[in-house]
Amino acid sequence: MKRLDRLSLGGLACLLVLVVFALGSLAGAGGDPDAIVGPRLRPPGPGWWLGTDNLGRSMLPRVMEGVGTTLLLSSIAVLVTAAVSATFGIIAGYRGGYLNELVMRLVEVLYSFPAIVLAILVAAVLGPGQVAALASIVLATIPLMTRLVRAAAVAVSQRDYVTSAVISGARLPRVLGRHVLPNVAGTIAVQGTYALSVGIAVEGGLSFLGFGVQPPQASLGVLIQRGGTYMIAAPWLILGPGVVLVVAILAINVVGDGLRDQLEPRETRSLT
Amino acid sequence: MTGDTPGAEAILELDDVTVTFTAGPPLRRIRLDAMRHVSLSVAKGETLGLVGESGSGKTTTSRVALGLHRPTSGAVRFDGRPFPRRRRELAGRMQAVLQHPHWSLNPRMRVGQSVAEPLAVLGRPVGDLVTEMLGHVGLEESFAARYPHELSGGQRQRVSIARALVTRPDFIVFDEAVSALDVSVQVQILNLVKDLQAEYGFSALFISHDLGAVRYVADRIAVMRSGEVVETADTATFYTAPAHEYSQRLLEAL
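In the order they appear, the protein sequences are chains Y and W.
Using full-length UniProt numbering, you'd call the opening residue of the first sequence number 1 and step up by one each time.
Using full-length UniProt numbering, you'd call the opening residue of the second sequence number 1 and step up by one each time.
Bear in mind the hints are in silico, worked out from the structure with no lab data behind them.
It is possible that some hints are incorrect.
What follows is a set of in silico ranges between Cβ atoms, one per label pair, in the way DEER data are often shown [said to hold, decoys possible]:
no.: 1; chain 1: W; residue 1: P82; chain 2: Y; residue 2: Y98; range: 20 to 30 angstroms
no.: 2; chain 1: Y; residue 1: G127; chain 2: W; residue 2: L32; range: 50 to 60 angstroms
no.: 3; chain 1: Y; residue 1: L121; chain 2: W; residue 2: Y147; range: 39 to 49 angstroms
no.: 4; chain 1: Y; residue 1: E101; chain 2: W; residue 2: H102; range: 46 to 56 angstroms
Don't be surprised by glycine CBs; every beta carbon is placed ideally from N, CA and C.
Produce the entire structure from the sequences given, and follow the hints as far as they go.
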C-alpha cells in the first residue's frame, strides 16, 4: 500500500497538533479557560500568549478548549452521518426501485437547503446548544454522503462477485456486509473527512450566530463571535481562533484528498 | 427447434420461456423481448454450448437459468421440478463462473475466503476443502492467503472455478468465462473445465460468443439470435453441417 503524500502528511500533523492541543486543555495545560488572569483586552505577551479577552481571561486556554469542543462535536456528528448514510446509501444502491427513489428524494430535499439555514431551523426547534449544533452538522452532511455512498453501492452491486454470492445463496445482510460495504468503505472514509470540515464550518457558523455552543463554554465559533465585537481594538481575539479554524479545515481537506488517492479502490480506475 | 432432446434425465429445462423487458412511461412504454419462446434442456453430465452475437439474449438466458430473473412466461425446471420460489433452496446445487475476471472476486477478501464463501453461506464445514479445491484448479496452497489484485486474469478465473466447484454443484453456468483471457490461457482454462467435469460430473451451460471455445467443451450447441433459439445440434453435426442459414453464416465468419 502506498503511503500518504507529503502534503497529506503535513495536514495529518497539523490535525494531530490540534488534537494534542485539545487534550492538553482537558489536562489543564495552559491554565483554566474561565479564570481571569490579567487586565482586559491585552495584546499577546508573557502570561497570556494569545492576549486576553474582554473579561481579562487568557485566550490560550480558551482557544484550546474551543478546538476540543469543535472537533469533538464535529467528529461525533460525522460518525452519526457515516452510520446513517452508509446504511441508507448501501440499501438504496443495492435494492434500487421505490426504496431508492424514496431515499434519494428525501436526501434531495435536505440538499436543497443551505447548511446554515438548516442549522438555524434545527436550533429553533431544539433550542440553541450543543445538541442543536450536533443535529445540524448531521443534517448538513447526510445528503452528500448518502448520494455518494449510493452511487458507489450501485456500481459495486453490479460486479460479478456480488452476483456470485447471490447465486451461492448468500442472504442480504451477508451480501451487503461482506461484499458491498467493504468496497464502498473508501468512499465513506473520504467523504467522512470532507464532512468533518463541513461540520467544523457549520459549528463555527451556528455558534457565531449564537445558536450553537453557549458561553462560557468555548468553541471556535463562540470565540470568533465574541472576538468580532472587539475586532478593531483587539484583533488578536478573532485572529487566534480564526487561524485555528482555517488550519483545521484546510488540514482535514488535505488529508481527505490524500485518503481518496489512496483508498478509492484501484479497480474503479481505468488505468493502474 | 431441431435436435432438442428433453428427457427425464435433464438437470435444467427451459420450456417456452419468454422474457420481456419494459422501460419508459406507461403510455410510451418500450418493450423488448430478450428471450422469445426459448426451449432448452441440459442433460445430466452434459455441456450445452450457447452461442450468439451480442444482444442475442445469451446473458438473459443464463440469468433465467440461475434463477436470478423470473421469466415473463414459460417454465423453468431444475432436476425435474419447477424452480422453487425461493432460489436459496437451490443454493449450492448450482453455481456460476462469470465473465469479468477482474471483478469476479471481491478485492477485499482473501482468495481462501472467496473460495470458502459458498460453504459458509450454507453453514457447511470448510475444513481442508479450500486447499483441496485450489489444488484441483492448479493453484498452490499459498494462494489462499493472497488478495485478488496479486493474481493474473487466468489465476482469478481458476479461483472462480474453485469457488463454483466447492459445493459440488450439479450444474454450473459459465457465462463468457474465458472471453476476457489470452488465447493460450483460454485453452488452459477450457482444458481445466473438461478435466474437472470428467472428475465431478457436473452439467454445464457454456455461454460464449467464441465458437472455437464452445466447440472445445460443448457436447451440444444451441444458437441464439435476437432472443430466439434458431438451432440446436450435436457439436459434431453443428460444425460439419449446420442446418440453419444463420449458423452457416456464423461458421463462415470463424
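Tell me the numbers of any earlier hints that the structure contravenes, in ascending order.
Going through the list in order, the structure violates hint 4 alone and respects the others.
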